[in-house]
Amino acid sequence: MTTASMRGSALNVPSGFRRPLRRPMPLRRHCAGVSSSGPPGEWSRANSTAPAGRSRRPWRSGERPLRMSIRPSRRHSARSRGSVRSAGLPDHDVRWPHACSEVWPMIVRYGFTRIAAAAVGIATAAAAFVLPTTAVRAADTPAGLDAYYAQVLEWTSCSSGLSCAWLTVPLDYAKPDGQTIRLRVGKAAMTGPAEGRQGSLVVNPGGPGAPAVDFARSVADGIAPNVAKSFDVVGFDPRGVGLSQPIVCMTGEQTTRWLQADQSPDTPAEVRRLMRLSADLAQGCLTKSPLMARHVGTENTVRDMDILREALGDSSLNFLGFSYGTYLGTLYAEQFPERVGRFVLDGALDPSLDLMEISKGQSGGFQVAMERFAKDCSRRDSCPYAGSAADVLGGINALLAELDRKPMKATGSRRLLQSDAVTALFTSMYSETMWPSLRSALEEAVKGDGSGLLDLADYANDRTG
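2 is the number of the first residue of the sequence shown in the working numbering; add one for each residue after it.
Hints are computed from structural coordinates only; laboratory data are not their basis. Since no wrong hints were added, every one of them can be taken at face value.
Restraint-style ranges between C-beta atoms, simulated for each label pair:
#, residue 1, residue 2, range
1, Gly-395, Gln-336, 47 to 57 angstroms
2, Pro-269, Ser-364, 20 to 30 angstroms
3, Ser-353, Pro-226, 35 to 45 angstroms
4, Pro-338, Pro-269, 46 to 56 angstroms
5, Ser-364, Gln-180, 37 to 47 angstroms
6, Pro-291, Arg-406, 38 to 48 angstroms
7, Ser-414, Leu-287, 29 to 39 angstroms
8, Thr-157, Glu-254, 28 to 38 angstroms
Listed below are the simulated DSBU-like cross-link pairs for lysine-lysine, each with C-alpha atoms no more than 30 angstroms apart in a straight line:
#, residue 1, residue 2
9, Lys-407, Lys-448
10, Lys-448, Lys-376
11, Lys-407, Lys-376
12, Lys-289, Lys-176
13, Lys-376, Lys-361
14, Lys-448, Lys-410
15, Lys-407, Lys-361
16, Lys-376, Lys-410
Ideal Cβ positions, reconstructed from N, Cα and C, are used throughout, including at glycine.
Given these sequences and hints, build the entire structure.
As structure tokens, this is what we get:
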């Protein structure tokens, strides 16, 4: 990705952090701004208390994919997660000497493919992070947006020791005097004295469509002490996501049908059904959220980020973005080059690629990770498939083929479909810490019980019951 327009030294973000999957504020992980509004006990909602749902099956000790720590090897980190790119500096491999965050999978469908993005940790480097005292001056306020840039955030105490506020932005930037929307902002205050404050660090975990308010707490808990003492860590739920005017596109029942659609259509009828579901999704967004659906997207989010920067009192934006968050950072640097402070773009997305190229590249990444899992599994007594890595892959492929023909019984009255199993496999490829859970789930599936794989799919889809 292009970094010529970015200035400043590298943000070095040492130390690991932990972040519970089930957050105090039950924010649904939305897919590209899409949320569901189904009956209680099925899908968690963005702005209501998540239902308790069914009792989850007990995970074996050390295998439950909650509150996990990632300990990938350095080789794994450098190859699978890419490089941190910083202005004026060459690419360098990400190093992970400590435990980092839990996996945060978000599975998003585009047409016939799922594109998954994950914020899986904070990069570690050796040098300290130091900012010069001279700030970059911001350019003039864009025409018609003076009132938005002049607003003052009113902070109140909220979850996880954060301070929260509402940021007002125009629904349509072409009509700044028209309808407005509010974005939820969370701040983990700097730990040092006020006189040492050097600004804010805005963070985004990826997605697209991941809420970031609570993510600010996770970053603040794991960031280098010399950064935490001088910077407020700030996250915001992008428009259409979380508590920021969430888009509603489908009922819970429709969401289930969408997620369980055949991912490997073998006949013209199956292809037509998948296309119809895609069209229904788009129409549902336009019907249920007619205004917001037309005004979400990266470009508007980037403009929201610049209003947030000003409201935070910063003349330049310091930004830490993962996965899709790197695209937000890149586009911001292109639109507001004079306001770029210190950027870290981790797991950088090439903005020149189209959706098909991104999908192919990610599929290749999943394949590499799956082959690594198969090799590891073949060496363990707990592996449900005997033989070599090729035998393990063969067994998994046979399972998927069987599920394509006939669903497998699972928890209660539910059934495991091929699409659920694929989601479980994708989710488990984000971190080696999930491999024990996947082995256990595959062992159950070999015996005819799909509950373990369905639990992993529910985890990825944020389904609570």
